[in-house]
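Going down the list, the sequences are from chains U and W.
Whatever position you read off the first sequence (first residue = 1), add 259 for the numbering used here.
Whatever position you read off the second sequence (first residue = 1), add 60 for the numbering used here.
Wrong hints could be hidden among the right ones.
As the list claims (entries may be wrong) - Calculated from the model, a selection of chain U residues having no Cβ within reach of chain W, i.e. all distances over 10 Å:
| no. | residue |
| --- | --- |
| 1 | A261 |
| 2 | V263 |
| 3 | Q277 |
| 4 | E311 |
| 5 | F328 |
| 6 | E334 |
| 7 | N336 |
| 8 | D344 |
| 9 | A351 |
| 10 | T362 |
| 11 | Q363 |
| 12 | T372 |
What the hints assert, rightly or not - If you want the footprint, here are the derived chain W segments under chain U, 3+ residues with CB under 8 Å:
| no. | segment |
| --- | --- |
| 13 | 68 to 77 |
| 14 | 100 to 112 |
Don't read these hints as lab results, they were simulated from the structure.
Quantities reported herein were computed from a predicted structural model and do not represent experimental measurements.
Using N, Cα and C, we set each Cβ at its ideal position, and we do this for glycine too.
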Amino acid sequence: KAGVTQTPRYLIKTRGQQVTLSCSPISGHRSVSWYQQTPGQGLQFLFEYFSETQRNKGNFPGRFSGRQFSNSRSEMNVSTLELGDSALYLCASSLEGPASTDTQYFGPGTRLTVL
Amino acid sequence: GNSVTQMEGPVTLSEEAFLTINCTYTATGYPSLFWYVQYPGEGLQLLLKATKADDKGSNKGFEATYRKETTSFHLEKGSVQVSDSAVYFCALSDPTNAGKSTFGDGTTLTVKP
Numbered sequence: 260k261a262g263v264t265q266t267p268r269y270l271i272k273t274r275g276q277q278v279t280l281s282c283s284p285i286s287g288h289r290s291v292s293w294y295q296q297t298p299g300q301g302l303q304f305l306f307e308y309f310s311e312t313q314r315n316k317g318n319f320p321g322r323f324s325g326r327q328f329s330n331s332r333s334e335m336n337v338s339t340l341e342l343g344d345s346a347l348y349l350c351a352s353s354l355e356g357p358a359s360t361d362t363q364y365f366g367p368g369t370r371l372t373v374l
Numbered sequence: 061g062n063s064v065t066q067m068e069g070p071v072t073l074s075e076e077a078f079l080t081i082n083c084t085y086t087a088t089g090y091p092s093l094f095w096y097v098q099y100p101g102e103g104l105q106l107l108l109k110a111t112k113a114d115d116k117g118s119n120k121g122f123e124a125t126y127r128k129e130t131t132s133f134h135l136e137k138g139s140v141q142v143s144d145s146a147v148y149f150c151a152l153s154d155p156t157n158a159g160k161s162t163f164g165d166g167t168t169l170t171v172k173p
């Protein structure tokens, strides 16, 4: 079956702009998690959605938000972009969520560059 | 809070050498433990996992044993190949903290022919 897909793969924005990233989970998976990966901070958890509800949130400012649709597809939005938001944004899906013994399946990521 | 500490890299080995990447964790509950691998330009892929103490996860010649007494989940492989060159992440999921996984900083492995 198809894996996790993320669009777009690459994005270049300027400071102050906003951006929306999209993630389509594996069919049947209800949990979608978002992570930010940077060379300096490693992999940081942003938030997790399950059945359209945000279940958990990491330590990121309110400029980072997300949502999940009834078909489990998820979007994350970053407003008022800062240079430090440049990162690889990874999405992962699983059946029940990362707190269970489920395996998380990761997408290839969206590489965001803020100029 | 939960945390995962990985052996610092980068690690450079010759082909057929023995690999160990150390991973220790701190968690309030009884976490599941994972090793993920990330190849250049790609997302993370699950390599192996263990869901309870003394479980051994294994895949593609890699092994790791869930040691509760030492809170460790070290990754080992007896004979590495050039194709094993990648970044390896140790991670945990804690059932008492629904929806959140914690990852180590990653260890870059380079295998030379």
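Structure-based check of all given hints:
1. A261: holds, 14 Å
2. V263: Nearest chain W Cβ is 7 Å from V263 of chain U, so the label is violated.
3. Q277: holds, 24 Å
4. E311: About 13 Å separates E311 of chain U from the closest Cβ of chain W, which puts it past 10 Å; holds.
5. F328: holds, 17 Å
6. E334: holds, 17 Å
7. N336: holds, 19 Å
8. D344: holds, 19 Å
9. A351: violated, 8 Å
10. T362: violated, 5 Å
11. Q363: The assertion about Q363 of chain U is violated, with a minimum of 7 Å to chain W.
12. T372: holds, 15 Å
13. 68 to 77: Check failed, 0 qualifying residues.
14. 100 to 112: holds (count 8)
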